[in-house]
Amino acid sequence: MDAKEIETKTKALTKAASSGESPATLTSLLKELQSGVRATEDLLRSTRVGIVVNKLKTSKAPEVARLASEMVSKWRTEVNKQKQAGGAASSRGSSSPRPAQNGTGASTPAKTTPSDKASKLSVPPDKRTWKADGVDTNVTTSKVRDSCIGLMYDGLCLGSTESPKDVLKKAIAVETAAHDHLGPDTKEAYRTKMRSLFQNLKNKSNPTLRVRVLSGEIKPDQFIRMSSDELRSDSQREADEKIKKENMNNAMVAQAERSISTSLQCGKCGQRKVTYTEAQTRSADEPMTLFCTCMNCGKSWKQ
Numbered sequence: 001m002d003a004k005e006i007e008t009k010t011k012a013l014t015k016a017a018s019s020g021e022s023p024a025t026l027t028s029l030l031k032e033l034q035s036g037v038r039a040t041e042d043l044l045r046s047t048r049v050g051i052v053v054n055k056l057k058t059s060k061a062p063e064v065a066r067l068a069s070e071m072v073s074k075w076r077t078e079v080n081k082q083k084q085a086g087g088a089a090s091s092r093g094s095s096s097p098r099p100a101q102n103g104t105g106a107s108t109p110a111k112t113t114p115s116d117k118a119s120k121l122s123v124p125p126d127k128r129t130w131k132a133d134g135v136d137t138n139v140t141t142s143k144v145r146d147s148c149i150g151l152m153y154d155g156l157c158l159g160s161t162e163s164p165k166d167v168l169k170k171a172i173a174v175e176t177a178a179h180d181h182l183g184p185d186t187k188e189a190y191r192t193k194m195r196s197l198f199q200n201l202k203n204k205s206n207p208t209l210r211v212r213v214l215s216g217e218i219k220p221d222q223f224i225r226m227s228s229d230e231l232r233s234d235s236q237r238e239a240d241e242k243i244k245k246e247n248m249n250n251a252m253v254a255q256a257e258r259s260i261s262t263s264l265q266c267g268k269c270g271q272r273k274v275t276y277t278e279a280q281t282r283s284a285d286e287p288m289t290l291f292c293t294c295m296n297c298g299k300s301w302k303q
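Counting along the sequence shown from 1, when you hit position 59 you're at 59 in our numbering, and nothing is skipped either side.
Because the hints were derived from the structure by calculation, they are not lab data.
Each pair of labels, with its calculated beta carbon distance range: (1) N247 / E286: 37 to 43 Å; (2) V211 / T289: 58 to 64 Å; (3) D221 / T192: 15 to 21 Å; (4) T25 / D2: 22 to 28 Å; (5) S300 / E238: 39 to 45 Å; (6) G36 / A132: 32 to 38 Å; (7) V211 / N138: 26 to 32 Å; (8) N138 / S196: 22 to 28 Å; (9) D166 / D221: 14 to 20 Å; (10) D234 / Q303: 50 to 56 Å.
Bear in mind the structure is a predicted one, so any value in this text is a computation, not a measurement. Beta carbons are placed, not taken as given, at the ideal position from N, Cα and C, and that holds for glycine.
The whole structure should be built from the sequences, with the hints applied where relevant.
Structure representation (structure tokens):
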């Protein structure tokens with residue numbers, strides 16, 4: 001699309017949004033812009049398409065908000081890449097050419113391209129975070145939601161070799177599902193769920209959870225509804241079951257029998273219903289120690 005056509009589509013999108021058109025209409029217009037716009041900073045500013053699409057990130061229709069967020073994130077990445085490329089070109093242009101080793105003139109430098117942080121890893125998988133990957137999590141107009149997207153990214157990327165772009169897309173989808181189901185972001189239920197999901201994702205004893213979410217085996221809508229038991233791995237369930245069985249077996253172990261004496265008298269209530277056990281707590285040539293308990297009042301003593 002040229003600038004004039006983009007302006008026309010942008011005006012149509014603005015009119016559709018202000019007049020309360022259906023989500024399907026808004027989505028259709030957004031998809032046309034998504035496929036037709038080749039983002040540059042000047043183009044986004046002159047046509048105001050960036051401003052209009054950015055406002056739709058807060059749409060009540062999940063599909064509209066999600067698509068608008070993806071478009072803004074993609075355009076921001078493209079503009080940043082162009083800025084980096086422009087800076088690198090300027091730096092190369094100001095440096096003196098290297099002399100050719102064969103004496104025939106200046107050598108042609110090898111073509112270089114700026115690192116694309118949205119598609120390549122720059123840190124080891126076990127050191128990944130959204131900050132280390134250079135990802136922009138400012139996707140919504142809410143600081144709380146953007147922070148939660150960062151949390152989801154940090155939980156999903158740990159130990160993963162998936163591209164930052166794919167991880168961010170999944171993190172946004174999970175946060176959007178949680179916000180739609182439990183939001184708004186001011187509700188404690190939403191914040192508690194996001195913290196819980198993050199704790200489960202970063203659990204090193206449950207790496208399959210991250211893989212299942214990233215691969216799409218667990219859908220975002222399903223993920224945010226899973227119980228704490230469903231979030232655990234099979235190995236964690238087996239370990240818990242083993243502990244439960246051990247505790248049950250220990251509870252059924254017969255306790256040492258205590259003798260009952262009528263010759264021993266409780267110093268508190270005066271009754272002679274006393275149980276006792278014997279233990280050698282002193283040297284072998286001394287008598288054993290009696291540990292006594294009154295069956296009437298519960299007083300315990302030793303003698």
